[in-house]
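Chains as they are written, first to last, in the UniProt record's numbering: chain P, 1 to 145; chain C, 1 to 145; chain B, 1 to 145; chain W, 1 to 145; chain R, 1 to 145; chain L, 1 to 145.
It cannot be assumed that every hint is accurate.
Since the list gives no way to pick out one identical chain from another, each pair is judged satisfied if it fits inside one copy or across any two copies.
Unchecked claim - Here are the simulated BS3-like pairs of lysine-lysine, each with C-alpha atoms no more than 27 Å apart in a straight line:
1) Lys110 to Lys46
2) Lys46 to Lys56
3) Lys38 to Lys107
4) Lys46 to Lys131
5) Lys56 to Lys107
Hints listed in this document are in silico derivations from the structure and should not be mistaken for laboratory results.
Since the model is a prediction, treat every value here as computed from it, not as a measurement.
Number of protein chains: 6
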Amino acid sequence: MAQAIQIGKIATLLAMLDDEESRMFEAAFSQVSFCQGKVGSMNTQKVISAVETAVKRHQLIEEDVYRETHALYHAILEALEGVTRGRLAIGEMMRTVGLRFAVVRGKPYKEANEGEWIAVAFYGTIGAPVKGLEHEAIGLGINHI
Amino acid sequence: MAQAIQIGKIATLLAMLDDEESRMFEAAFSQVSFCQGKVGSMNTQKVISAVETAVKRHQLIEEDVYRETHALYHAILEALEGVTRGRLAIGEMMRTVGLRFAVVRGKPYKEANEGEWIAVAFYGTIGAPVKGLEHEAIGLGINHI
Amino acid sequence: MAQAIQIGKIATLLAMLDDEESRMFEAAFSQVSFCQGKVGSMNTQKVISAVETAVKRHQLIEEDVYRETHALYHAILEALEGVTRGRLAIGEMMRTVGLRFAVVRGKPYKEANEGEWIAVAFYGTIGAPVKGLEHEAIGLGINHI
Amino acid sequence: MAQAIQIGKIATLLAMLDDEESRMFEAAFSQVSFCQGKVGSMNTQKVISAVETAVKRHQLIEEDVYRETHALYHAILEALEGVTRGRLAIGEMMRTVGLRFAVVRGKPYKEANEGEWIAVAFYGTIGAPVKGLEHEAIGLGINHI
Amino acid sequence: MAQAIQIGKIATLLAMLDDEESRMFEAAFSQVSFCQGKVGSMNTQKVISAVETAVKRHQLIEEDVYRETHALYHAILEALEGVTRGRLAIGEMMRTVGLRFAVVRGKPYKEANEGEWIAVAFYGTIGAPVKGLEHEAIGLGINHI
Amino acid sequence: MAQAIQIGKIATLLAMLDDEESRMFEAAFSQVSFCQGKVGSMNTQKVISAVETAVKRHQLIEEDVYRETHALYHAILEALEGVTRGRLAIGEMMRTVGLRFAVVRGKPYKEANEGEWIAVAFYGTIGAPVKGLEHEAIGLGINHI
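Given these sequences and hints, build the entire structure.
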């Protein structure tokens, strides 16, 4: 059950690299469906919504099928755990995030019956609500879809 | 207080990329001190120890200075939060990890008085203690040192 | 110290069963004091308040005795942990609940000096703030009073 | 997207009711696939394994398909959150559980493309490792499969 | 419902002060029942047991009454949350504690019907399993009994 | 690496003792820099801000140096974990705090290269948003600076 396609690595690179750096990984990126976006907020809801909206606009999931919404939602939350590191809150704890994100949908496993999975990656900064008083953060969530 | 050097991104790339892919980022890597390693375990203690041992062997921190040990320890834990996503336990929860890690020490900020910071990144797989029943995971912790 | 009366099971059944289904358990229900209610919200405060208000209206606890308020509050929080499964937040995480609840006060143990205990149970749905994009959830909290 | 079959309620009743009480719900139980079991332990791993083993023995999931194993694992953990209420540990925290469990696989939604979901329910006691020093606990986890 | 006796402050001082410092607070200490002890361990179970054993030896609670055991257990866990700050684990996370503790039983409120409450306080050090690589930690848990 | 100055104990005493009680510890207090304050709120942000504002007004940290802000922020959060015991939220969970706090900056270790550390202590009450329905709480966070 070896991983044929590393959807988590692809999502992380899509969220983290600039255009020039990304070029080297275009072959990998072409193996999957994906979308990218940005969000800056103290509000966890807005971060979740930004990802959900981007995913729906790019039709990466079927919007009115709950099992796809459910898979995405849990992948987003898991990615946010990495960003917030143990306390899933942003503004409530007097901090703010500036994040780029990428969502990848693909078939990571060689076996056909493993089907499709989704990866959500965040990369950016977290810190005080004062410009510059911040450091980098990353998060990755993966789920079957 | 703009970030001059993205130690988190560097650590993540060092943990995630293969040798060939890494070549493109050598200029960035040369701006910092770093070490790399691997650990596979169901035991959280062993994962923490593997990183601490690698860091000390490469003299990235001063072993008998507690403030450096303290900074590293919290960065490791924060990185593990990303890997375990909300429940900081591995074997206790019947899962196992196979991780590559990188630790970066450098000066991310232009201002001299921001001094040195440390970044710990993990990349690999987490899953059932059965080969192949696993998916990717990532984690990044950053602290002032 | 065997359990004479299963106040947790009774609370769960009271929150989960419809009127017809409940009939079979009337003998059990008659052994305890209880109240029931409903709440739909994205707001954790409102869920807590709904239970506290119902309990006071039915005089299940003495409103101005802090030890009873304290016992109830912790039982409510523990029940909410089951509903939210590891992240005690609702709207902050862009989800909503529609819950029925029951609070039971009784003497679960045969020994007289074990005295009274309180059980709080929730049953309903949790999901996206879109009708139908939700699944079932349950929670039970128990405390001495 | 109304729920046609309440797999969470069914799983909870299967874990909680005795044989006589169960009879009333046989019509509901016949709409789904399920298995039941028991586990008493201070060890979280053993609780997880007991459920996984029962599920595989009854062929409720395809053992060597990771996406099914993954769906089940997360449903078990979510159910354990309800049992442990905020601190996913048992023996490490000097407590023990005696639990009955049920796993249900079925189609909770009317829409065909919502497909199959899995529900894991625990009911029993949690407390000090001394007989009788314990109270009831419940947990329910639900996932798409 | 003003607090007549600050059992939490008393417990903290009993755990934190040396004999000479304690003398000044003897009048306060004489208003309550209490016991004191010490424990050094990487094992959360041993820390919990050390407190429970001391409490029973001093007959601060009735050993075979579960409601008293239950009240004490939750107060211990809450105090440990302060010591471990967000991740209730010690050795699993490669750290060790050296703690003094005090348990106080008394009537903090003027109103007779508020009855007795219990306070558990820890004070000491937490850190790497290497002498000196540690800093101070404190924790306080309070419950009605 | 023995502790020369117990900054955590000093911070706790500064937050907990009244003026008369404090007199006995003046020799200890004179070994460190510190500030004190009060905050009553249901809002976690306001509690964090109150401490940050007091610290800056007393110039205990350099306001525009992120590494000092970062050290303080994490010490505040860790102290709040003790106050909130496992669920870092106040008003969201329908409770309120009335806290005194103290922040201490000093050199706890004899070794010169251990440098300065910061301790944040809270002491006060937490409870229902009704006067008197509350009990004591304490929290201590320590970080290298």
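Structure-based check of each hint:
1. Lys110 to Lys46: Neither: 36 Å inside a copy, 31 Å across copies.
2. Lys46 to Lys56: Classified as within: same-chain Cα gap 15 Å, cross-chain 31 Å, threshold 27 Å.
3. Lys38 to Lys107: both (25 Å within a copy, 26 Å between copies)
4. Lys46 to Lys131: both (19 Å within a copy, 20 Å between copies)
5. Lys56 to Lys107: Result: close both inside a copy and across copies, 19 Å intra and 24 Å inter.
Of the numbered hints given earlier, the model fails hint 1 alone.
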